[in-house]
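Enquirer: Protein chains in written order, with my numbering: chain A, 1 to 334; chain B, 1 to 334; chain C, 1 to 334; chain D, 1 to 334.
These aren't lab readings, by the way, just hints derived from the structure by calculation.
Computed from a predicted structure; not experimentally measured.
Just to be clear, a hint being listed does not mean it is correct.
Copies of the same chain look alike in the list, so a pair counts if it fits in one copy or across any two.
Here are the simulated lysine-lysine pairs, DSS-like style, with alpha carbons at most 27 Å apart [claimed, not checked]:
#1 LYS186 / LYS35
#2 LYS220 / LYS263
#3 LYS170 / LYS254
#4 LYS111 / LYS254
#5 LYS263 / LYS41
#6 LYS41 / LYS275
#7 LYS275 / LYS111
#8 LYS19 / LYS254
#9 LYS275 / LYS207
#10 LYS170 / LYS35
#11 LYS186 / LYS19
#12 LYS334 / LYS220
#13 LYS124 / LYS111
#14 LYS207 / LYS40
#15 LYS275 / LYS185
4 protein chains.
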Amino acid sequence: LISVGIIGGTGYTGKYLIKFLQKHKNVYAFDVYGKNNAGKKLYDLFPSFQGFVENKTVLPVNDISFEHQIYFVSLPHGESMNLIPALLNKNKKVIDLGGDFRLDDKELYDKWYGFEHKFPEYLKLKQYGLADINGSLLKEADFIANPGCYPTSVLLGLYPLIKNFNDQVKNISVVSYSGTSGAGKKARADLLFSEMFGNVKAYSVNKHRHQPEIEQELKKIGFNGDLSFTTHLLPVERGIYSTITVYLENEADKDEIISEYEKQYNESEFIRLRKTPPELKWVVETNYCDINVSVRNNSVIITSALDNLIKGAAGQAVQNLNNIYGWNSSTGLK
Amino acid sequence: LISVGIIGGTGYTGKYLIKFLQKHKNVYAFDVYGKNNAGKKLYDLFPSFQGFVENKTVLPVNDISFEHQIYFVSLPHGESMNLIPALLNKNKKVIDLGGDFRLDDKELYDKWYGFEHKFPEYLKLKQYGLADINGSLLKEADFIANPGCYPTSVLLGLYPLIKNFNDQVKNISVVSYSGTSGAGKKARADLLFSEMFGNVKAYSVNKHRHQPEIEQELKKIGFNGDLSFTTHLLPVERGIYSTITVYLENEADKDEIISEYEKQYNESEFIRLRKTPPELKWVVETNYCDINVSVRNNSVIITSALDNLIKGAAGQAVQNLNNIYGWNSSTGLK
Amino acid sequence: LISVGIIGGTGYTGKYLIKFLQKHKNVYAFDVYGKNNAGKKLYDLFPSFQGFVENKTVLPVNDISFEHQIYFVSLPHGESMNLIPALLNKNKKVIDLGGDFRLDDKELYDKWYGFEHKFPEYLKLKQYGLADINGSLLKEADFIANPGCYPTSVLLGLYPLIKNFNDQVKNISVVSYSGTSGAGKKARADLLFSEMFGNVKAYSVNKHRHQPEIEQELKKIGFNGDLSFTTHLLPVERGIYSTITVYLENEADKDEIISEYEKQYNESEFIRLRKTPPELKWVVETNYCDINVSVRNNSVIITSALDNLIKGAAGQAVQNLNNIYGWNSSTGLK
Amino acid sequence: LISVGIIGGTGYTGKYLIKFLQKHKNVYAFDVYGKNNAGKKLYDLFPSFQGFVENKTVLPVNDISFEHQIYFVSLPHGESMNLIPALLNKNKKVIDLGGDFRLDDKELYDKWYGFEHKFPEYLKLKQYGLADINGSLLKEADFIANPGCYPTSVLLGLYPLIKNFNDQVKNISVVSYSGTSGAGKKARADLLFSEMFGNVKAYSVNKHRHQPEIEQELKKIGFNGDLSFTTHLLPVERGIYSTITVYLENEADKDEIISEYEKQYNESEFIRLRKTPPELKWVVETNYCDINVSVRNNSVIITSALDNLIKGAAGQAVQNLNNIYGWNSSTGLK
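Using the sequences plus the hints, can you model the full thing?
Expert: So this is what it looks like as structure tokens:
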């Protein structure tokens with residue numbers, strides 16, 4: 001049994017961390033730390049929690065006790081960077097849900113995140129926690145960078161194809177749509193209900209920070225070619241839907257490709273291969289990623305759906321907790 | 001032909017004022033004044049305007065020229081109060097879309113709006129512009145307080161009943177639902193798409209500023225009894241739906257009641273009496289108010305639907321412009 | 001440990017019955033019976049079930065084995081009437097989620113449901129299962145009529161007021177809004193996404209079948225006065241929001257009223273009294289009913305929110321299962 | 001001045017045809033023909049029309065008088081095929097909003113539409129009415145096949161690129177999202193509000209009938225390479241959003257490409273080139289197609305937004321009417 005600290009636990013992601021960890025059978029205690037909401041009660045922040053989550057008081061983020069074994073950090077970009085080295089230096093385990101340590105190369109932070117990384121030596125200490133792929137490598141890990149929501153959806157969709165047919169790939173186009181909760185709970189006029197109702201828009205075209213993350217991880221399995229990545233906002237609260245088009249050098253063999261997906265995900269409790277393109281609703285409020293692969297001539301079209309707050313954030317983080325301690329992958333998640 | 005000034009024209013209501021006045025055949029010129037958006041181009045504020053509205057620059061609100069005959073004022077509560085006396089003193093006509101002059105009684109501002117009214121002497125100068133009821137009285141008016149969105153929906157729904165059967169009325173319960181655009185375009189975390197998606201909530205229960213406005217206008221036609229008014233937010237961008245339950249002393253005569261509604265609204269271009277409860281969609285993007293009256297024993301249930309930004313704001317204001325100058329009621333509105 | 005049959009288990013309500021009963025620790029086995037979907041697999045009907053619900057085959061409704069101890073019946077109006085007497089005659093326990101046995105008086109079926117009841121003698125055998133009120137009376141019950149979704153929301157909201165202050169009540173106006181899932185999964189052009197998107201409408205005004213059900217239950221605690229009930233469709237999938245206005249003879253004493261609500265619901269695990277009007281989202285996907293009571297002069301405004309498929313159907317039915325067998329009220333529901 | 005017949009005018013597309021043609025200054029009369037709705041009044045079919053559209057009776061589709069100069073045909077696939085030859089043989093002009101004559105090659109109907117074309121000789125008589133591209137060629141046309149909604153969005157987005165840089169193009173991936181109104185007004189369980197609320201899904205992957213239409217038209221300007229086309233349903237009523245990724249052989253010159261778009265659409269009243277990706281809301285309820293072009297290395301990402309019922313159907317059809325008679329392109333459309 002362990003106890004955990006949830007740092008930055010009062011946003012949308014934090015809410016699900018609390019929900020999952022509160023009922024996790026191997027977690028006997030937890031504390032929630034927040035910046036602006038320190039001193040508030042969980043029931044006031046999350047009225048839906050009343051009656052089934054403990055009504056804890058949020059503790060101030062700048063006054064963290066080091067009593068827990070492991071800390072989940074869910075802070076805005078640039079903030080977890082300043083906190084995590086101290087936690088690691090006290091021999092605490094850390095699962096970081098933000099982007100500050102996901103990239104391996106310091107230079108990419110200048111280019112894509114627009115800041116100079118202050119602790120580049122920690123970049124190589126983290127393990128990239130794509131739970132359904134490298135879960136077994138994460139056992140006893142000390143520091144996990146939890147993948148971004150879009151990269152989770154794209155990498156799970158592409159992994160078996162790239163791993164087995166990379167030499168055939170000409171280029172890749174990724175078109176992803178996300179619900180608005182991905183942008184967090186901060187007041188913004190462009191994310192008002194009145195603005196997004198009935199609306200759709202592409203954003204951050206060719207500038208999204210998840211692009212280098214996707215490229216970095218695909219490079220590790222051999223892909224170094226052209227990949228485009230276009231993100232859109234969807235008028236739903238929850239979910240990511242990625243449509244990935246891969247052009248191959250030659251006519252594709254559908255059965256051979258599908259069979260590699262089956263081999264890869266056979267044992268994965270949270271990947272469901274589908275015979276038809278998934279519906280977003282099948283995965284919302286779950287830790288599943290649903291994937292369909294369709295083939296026509298020399299093109300492969302992969303559709304991949306997940307819940308951005310769960311599989312794309314808090315759910316995968318808890319899965320990584322289970323991976324670290326060698327617990328069953330789905331503990332606390334079903 | 002006249003020219004008009006639109007003060008505070010860069011919010012949701014202002015957008016429709018511009019749209020209607022730009023194509024109004026008796027308006028030869030207009031200027032748009034704004035606070036935070038002064039200096040910006042209309043196309044940058046309202047990209048959907050590109051190509052069919054003139055790409056004017058927004059002028060600063062604190063530097064109004066007095067060259068126009070009439071000014072539409074659409075500013076936050078407490079701000080139009082400071083501006084309108086100056087306009088009237090320059091012999092300008094004013095249609096105020098805010099609440100600062102709607103109430104007749106200074107005391108009510110203390111109680112319901114929470115501020116002391118600085119120019120109470122102007123309260124009695126205004127005419128209350130419920131366009132479909134007192135339109136003919138507004139001819140050559142100098143100063144019109146445009147009704148609130150909820151009061152428009154409730155007063156149009158109740159008017160023929162109270163006017164003709166007031167002595168029968170025991171009490172009235174109004175339950176109104178509004179789309180989120182009624183709350184304006186300001187960044188607020190509680191109005192984020194992520195918060196309001198799939199959501200509904202009552203708000204300002206027994207505290208809504210539109211309650212004294214409704215009571216004031218009903219009192220003018222004799223009703224001084226119990227009226228409750230409960231407002232809710234609806235997960236749609238546009239529209240108000242009011243359900244009004246009136247208990248009578250005796251069994252109601254449906255035909256007699258309906259016939260008074262028909263008499264009242266026979267000539268009203270923008271009131272459509274319906275045989276079934278209206279759907280919100282029938283009125284969105286129009287200046288119509290659709291009304292149904294249903295009777296059971298001694299209760300009358302009135303459903304009333306309108307577009308809060310049009311019939312509940314900009315559309316009714318343009319209708320009032322037409323009333324002032326004696327133009328056809330629907331000029332610029334269809 | 002018991003085994004259960006779910007008859008009519010392939011609609012929206014059935015889906016939640018399966019979900020709850022599959023993980024209910026005292027249910028060791030279940031079968032699902034359907035009409036049009038007999039022969040299909042649960043994963044094909046409910047793709048979101050894949051991986052955590054058993055992939056059973058739906059059995060034909062007209063070939064029910066009588067091997068289970070208890071049957072949940074979720075069939076269209078008029079169909080459960082023909083089935084339930086046979087189950088009861090075989091000494092099976094029954095929880096009926098439809099309306100065929102909710103009313104006590106045969107005549108009301110002619111008037112409100114439009115059919116002649118074929119088994120009126122069974123009307124008096126059922127117990128009305130408003131779980132949070134008469135839970136303790138349901139122990140060892142054989143035949144429970146599970147309340148309608150609207151009545152649950154209205155009765156829970158009104159119960160402590162009527163029970164304690166009935167002599168003070170002048171009249172009651174109920175305005176309820178429901179998500180579209182209340183209308184079921186049958187193809188209907190008026191319930192297409194394209195029709196209901198951004199839409200709201202009142203329906204069945206003065207004709208809704210839940211009106212006599214509400215009146216019947218309130219009469220049992222003394223209320224025999226005027227009650228109006230107006231139902232609306234809301235553009236959300238899930239949830240009911242009821243706004244109940246009660247006029248009293250005299251000025252109401254807020255503290256006294258609230259204190260009766262607290263007394264009544266103190267021990268109720270699934271009723272949460274709120275200091276502000278509830279938001280629909282607080283209850284969606286839960287078995288909670290959230291209630292707020294607000295008082296002004298001689299009026300009491302009660303807002304009540306619940307999930308129509310859970311607290312208003314499947315969840316309350318499982319709560320009633322627990323009531324019958326004396327299990328903890330929330331078994332299988334959290 | 002002309003008079004027009006609207007055949008199949010009681011669906012979503014028909015509604016907009018009526019709206020536009022009713023106020024078109026060069027149309028002095030119109031009739032509406034329907035199948036299932038013959039005999040009904042327009043106000044009963046479209047309650048929102050009350051008060052500003054003539055309350056005509058829908059005439060039976062199988063009893064068309066040949067008194068009008070031109071007929072708009074908006075019937076399901078396979079039905080307009082049987083009707084249009086008769087109209088043409090009577091020397092009537094026809095604008096077909098369905099797909100029955102859009103393709104040039106009879107064989108493609110077998111393959112993609114699944115029926116044998118009965119009047120293949122008429123396929124070559126039609127002109128493909130992509131109004132903003134070939135408008136000038138449509139003058140005095142007798143028979144126009146109005147483009148599909150998706151092809152309009154994709155072809156307008158790709159045209160200047162393919163026309164000027166076709167030799168550079170390696171392959172094209174199109175990912176399109178459509179609101180539910182594209183599927184029409186027929187009752188379908190999978191398009192219920194309850195099903196599509198908060199949902200997204202890819203559909204007809206590699207099987208969508210608009211794919212050969214897009215390929216056919218691109219071939220006319222030289223493109224004969226790889227194009228993938230993946231369509232999705234969006235939880236909004238209106239609008240199409242296409243994201244088109246084009247890989248080029250070499251690094252792209254952004255200014256050169258943008259300049260060709262500007263040249264092409266300089267004079268097009270209904271194409272708005274945008275400096276940022278368009279929002280769907282900018283075009284809903286208008287006849288505009290908004291386009292943005294973004295370039296990174298050797299990839300070009302084009303985003304294109306339009307209203308499927310207007311620019312993708314009724315609006316473009318009216319634009320084609322204007323093209324035929326040489327009237328101003330926007331007559332009746334603004």
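Enquirer: Confirm or reject each hint.
Expert: Structure-based check of each hint:
Taking CA atoms no more than 27 Å apart as the test, LYS186 paired with LYS35 passes in both settings, with 13 Å inside one copy and 24 Å between copies. Taking CA atoms no more than 27 Å apart as the test, LYS220 paired with LYS263 passes inside one copy only; the shortest distance there is 20 Å, against 44 Å between copies. Taking CA atoms no more than 27 Å apart as the test, LYS170 paired with LYS254 passes in both settings, with 17 Å inside one copy and 23 Å between copies. In this assembly of identical chains, the alpha carbons of LYS111 and LYS254 lie at most 27 Å apart only when taken from different copies (21 Å versus 38 Å within one copy).
In the homo-oligomer, the alpha carbons of LYS263 and LYS41 lie at most 27 Å apart only across protomers (24 Å), although the nearest pairing inside one protomer, at 47 Å, exceeds that limit. In the homo-oligomer, the alpha carbons of LYS41 and LYS275 lie at most 27 Å apart only across protomers (15 Å), although the nearest pairing inside one protomer, at 45 Å, exceeds that limit. In this assembly of identical chains, the alpha carbons of LYS275 and LYS111 lie at most 27 Å apart only when taken from different copies (22 Å versus 40 Å within one copy). Taking the closest pair of Cα atoms, LYS19 and LYS254 never come within 27 Å of each other, the shortest separation being 40 Å inside a single copy and 35 Å across copies.
In this assembly of identical chains, the alpha carbons of LYS275 and LYS207 lie at most 27 Å apart only when taken from different copies (15 Å versus 33 Å within one copy). For a Cα distance limit of 27 Å, the shortest separation of LYS170 from LYS35 qualifies neither inside one copy, at 47 Å, nor across copies, at 50 Å. With identical chains, the CA atoms of LYS186 and LYS19 are at most 27 Å apart within one copy only, with a shortest distance of 21 Å there and 31 Å across copies. Taking the shortest Cα distances, LYS334 and LYS220 never come within 27 Å of each other, neither inside one copy (31 Å) nor across copies (42 Å).
For the homomeric pair LYS124 and LYS111, the shortest alpha-carbon distance inside one copy (18 Å) is at most 27 Å, but the shortest distance between copies (54 Å) is not. In the homo-oligomer, the alpha carbons of LYS207 and LYS40 lie at most 27 Å apart only across protomers (26 Å), although the nearest pairing inside one protomer, at 37 Å, exceeds that limit. For the homomeric pair LYS275 and LYS185, the shortest alpha-carbon distance between copies (23 Å) is at most 27 Å, but the shortest distance inside one copy (36 Å) is not.
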